[in-house]
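Peer 1: Turn these sequences into a full structure, and let the hints steer you where they fit.
Protein chains in written order, with our numbering: chain A, 1 to 112; chain B, 1001 to 1117.
For the record, the hints were derived by calculation from the structure and aren't laboratory data. Every residue, glycine too, gets a C-beta built ideally from N, C-alpha and C. Careful, some of the hints might be misleading.
[As the list claims (entries may be wrong)] List time: in silico EDC-like cross-link candidates among lysine to aspartate or glutamate, alpha-carbon distance up to 20 Å:
| # | chain 1 | residue 1 | chain 2 | residue 2 |
| --- | --- | --- | --- | --- |
| 1 | A | 58 | B | 1104 |
| 2 | B | 1041 | A | 83 |
| 3 | A | 42 | B | 1022 |
| 4 | A | 57 | B | 1088 |
| 5 | A | 42 | B | 1088 |
| 6 | A | 71 | A | 27 |
| 7 | A | 71 | A | 2 |
| 8 | B | 1014 | A | 84 |
| 9 | A | 37 | B | 1104 |
| 10 | B | 1041 | A | 27 |
| 11 | B | 1014 | A | 39 |
[Stated by the list, open to error] Per the computed footprint, the stretches of chain A lying under chain B, defined by three or more beta-carbons under 8 Å from a beta-carbon of chain B, are:
| # | region |
| --- | --- |
| 12 | 33-46 |
| 13 | 67-76 |
[Unchecked claim] Which chain B residues face chain A? A few, computed with CB under 8 Å, are given here:
| # | residue |
| --- | --- |
| 14 | 1022 |
| 15 | 1032 |
| 16 | 1039 |
| 17 | 1043 |
| 18 | 1106 |
| 19 | 1110 |
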Amino acid sequence: GENVEQHPSTLSVQEGDSAVIKCTYSDSASNYFPWYKQELGKGPQLIIDIRSNVGEKKDQRIAVTLNKTAKHFSLHITETQPEDSAVYFCAASINTGNQFYFGTGTSLTVIP
Amino acid sequence: GAVVSQHPSWVICKSGTSVKIECRSLDFQATTMFWYRQFPKQSLMLMATSNEGSKATYEQGVEKDKFLINHASLTLSTLTVTSAHPEDSSFYICSAGGGGGYTDTQYFGPGTRLTVL
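Peer 2: What follows is the structure in structure tokens.
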């Protein structure tokens, strides 16, 4: 089955700096890659996603890039703010209606 | 937008009792819902796939007699933890979606914190 690896496990940045989280996947059939933000005691919230027919997608301060050949995708957060502090999970799946395989999570801390 | 709710948000029970957790898709129909379990500071672990009108598909190592799943309608799936024990204490999260259109992704519920004394 699919194996998703995520790095780093923890990340601290100064407010205003950029943060980058990277994930790799093993199954070349995976074609949907969402990113979730999870705050303490809450369920994951979708922040951005990308499909395999696109190499990059941006939504304001958040962007995701996908390299199908290398089987890796990354989350980029620019101009970080303290409210960006949370745990971020990447995931991979074959279409959106099937099982999501999650990375191990990255705890992001934005220092004011 | 698509909303998935869970009830209750938290529950505390005595060892040996059964607890039912509901997962509802509020503004869309979901033929498939997923149940996850999450331990502190860990990732989401898929427990089972809930299919409307048929039996759930359980992941390896998940006891189907312990974690009963019922998907009675296109908007409701329930997870019952039977004869709960302290080791069942965890954060349980459901997801639904993937049906195309604006729900062409999965949306997650807010989670249910189960504490077994």
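Peer 1: Next, verify each hint and record whether it holds.
Peer 2: Hint check results:
1. A:58 - B:1104: The hint holds at about 18 Å.
2. B:1041 - A:83: holds (19 Å)
3. A:42 - B:1022: Distance ~16 Å between residue 42 (chain A) and residue 1022 (chain B) Cα, so the pair holds.
4. A:57 - B:1088: The given pair, whose Cα atoms are some 39 Å apart, is violated under the 20 Å limit.
5. A:42 - B:1088: holds (19 Å)
6. A:71 - A:27: The hint holds at about 8 Å.
7. A:71 - A:2: Within the cut-off at roughly 12 Å; holds.
8. B:1014 - A:84: Distance of about 37 Å is beyond 20 Å: violated.
9. A:37 - B:1104: Cα-Cα ~18 Å, so holds.
10. B:1041 - A:27: violated (26 Å)
11. B:1014 - A:39: violated (28 Å)
12. 33-46: n = 8 at 8 Å, threshold three: holds.
13. 67-76: violated (count 0)
14. 1022: With a minimum Cβ separation of about 14 Å from chain A (threshold 8 Å), the hint on residue 1022 (chain B) is violated.
15. 1032: holds (6 Å)
16. 1039: At about 12 Å, which exceeds the 8 Å cut-off, the nearest Cβ of chain A leaves the hint on residue 1039 (chain B) violated.
17. 1043: holds (5 Å)
18. 1106: Holds: closest Cβ of chain A sits about 6 Å from residue 1106 (chain B), inside 8 Å.
19. 1110: Residue 1110 (chain B) check passes; min Cβ-Cβ to chain A is 4 Å, inside 8 Å.
Hint check: violations occur at hints 4, 8, 10, 11, 13, 14 and 16; the rest are consistent with the structure.
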